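All residue numbers for the sequence shown refer to full-length UniProt numbering, where the first residue is 1 and numbers rise by one.
Read the hints as simulated data drawn from the structure, not as lab findings.
Note that the structure is predicted; figures quoted are calculated from it, not measured.
Possibly wrong hints are sitting among the right ones.
[As the list claims (entries may be wrong)] Restraint-style ranges between C-beta atoms, simulated for each label pair:
(1) A147 x G88: 28 to 36 Å
(2) G30 x L94: 17 to 25 Å
(3) A106 x P150: 16 to 24 Å
(4) I173 x G49: 35 to 43 Å
(5) A138 x P7: 13 to 21 Å
(6) E170 x G39: 29 to 37 Å
(7) G64 x G115: 29 to 37 Å
(8) R27 x V50: 37 to 45 Å
Note that the Cβ used here is the ideal one computed from N, Cα and C, for glycine as well.
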Amino acid sequence: MSPGGLPIRQVAYFCADVRAAALAHHRRFGSGPFFVADGIEVTRSLHRGVERPFDHSSAYGQWGELMIEFVQQNNSGPSALHDLYPEGSGRWGLHHVALFVDDVDAAIARLDQEGFPLAQRSVRPDGFVFAFVDTSAAYGHMTELYAPTPGLTGFYRMVAEAGRKGVGTEVLIPLTL
Numbered sequence: 001m002s003p004g005g006l007p008i009r010q011v012a013y014f015c016a017d018v019r020a021a022a023l024a025h026h027r028r029f030g031s032g033p034f035f036v037a038d039g040i041e042v043t044r045s046l047h048r049g050v051e052r053p054f055d056h057s058s059a060y061g062q063w064g065e066l067m068i069e070f071v072q073q074n075n076s077g078p079s080a081l082h083d084l085y086p087e088g089s090g091r092w093g094l095h096h097v098a099l100f101v102d103d104v105d106a107a108i109a110r111l112d113q114e115g116f117p118l119a120q121r122s123v124r125p126d127g128f129v130f131a132f133v134d135t136s137a138a139y140g141h142m143t144e145l146y147a148p149t150p151g152l153t154g155f156y157r158m159v160a161e162a163g164r165k166g167v168g169t170e171v172l173i174p175l176t177l
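Let's have the full structure, built from the sequences with the hints guiding it.
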């Protein structure tokens, strides 16, 4: 369980190359297949209160009962990803766990009152909001928050179902988000 008693829905790792990381994880642990989205579009992204570009790619797969994500940042500059893994450091690893919350902004406010500041809040073209709260001082990683919209829960079901069926010939499957 996570802070507040909410179940962790996803574990995400920051990496240099989402495809290489997903393939290595698949070979080592049998996870996947992985759905790979390049250049995930956001219409607005505030990092530490400053609007900044946030160009990232992700690979999503199932690992047992949990979704696993590998995420890379495609642009240079500050972000919640670079908060834990500074640009040019060559360091990679666990970045965040993701939680479903009923109200992202209310959860951000609650966690801020508990001493966990907002690192980044981003909005996708369809209005979908995701946020990274900096819980690293207590847990060693960020916590991602998003509301369980029908599109999101359907995506989680699709990834889980692909994981249950097992990996066919394709471990990496292109995905447009």
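Evaluated hints:
For the pair A147 and G88, the beta carbons lie near 34 Å from each other, so the given range of 28 to 36 Å is met. Against the hinted window of 17 to 25 Å, the Cβ-Cβ separation of G30 and L94 comes to about 20 Å, which satisfies the hint. Here the CB-CB span from A106 to P150 is close to 20 Å, well matched to the stated 16 to 24 Å. Distance hint for I173 and G49: a CB-CB separation of about 37 Å, consistent with the stated range 35 to 43 Å.
The hinted window of 13 to 21 Å between A138 and P7 holds, with their beta carbons roughly 18 Å apart. As the Cβ distance of E170 to G39 is approximately 21 Å, the hint placing it in 29 to 37 Å is violated. As the Cβ distance of G64 to G115 is approximately 32 Å, the hint placing it in 29 to 37 Å holds. A hinted range of 37 to 45 Å holds for the C-beta pair R27 and V50, which are about 39 Å apart.
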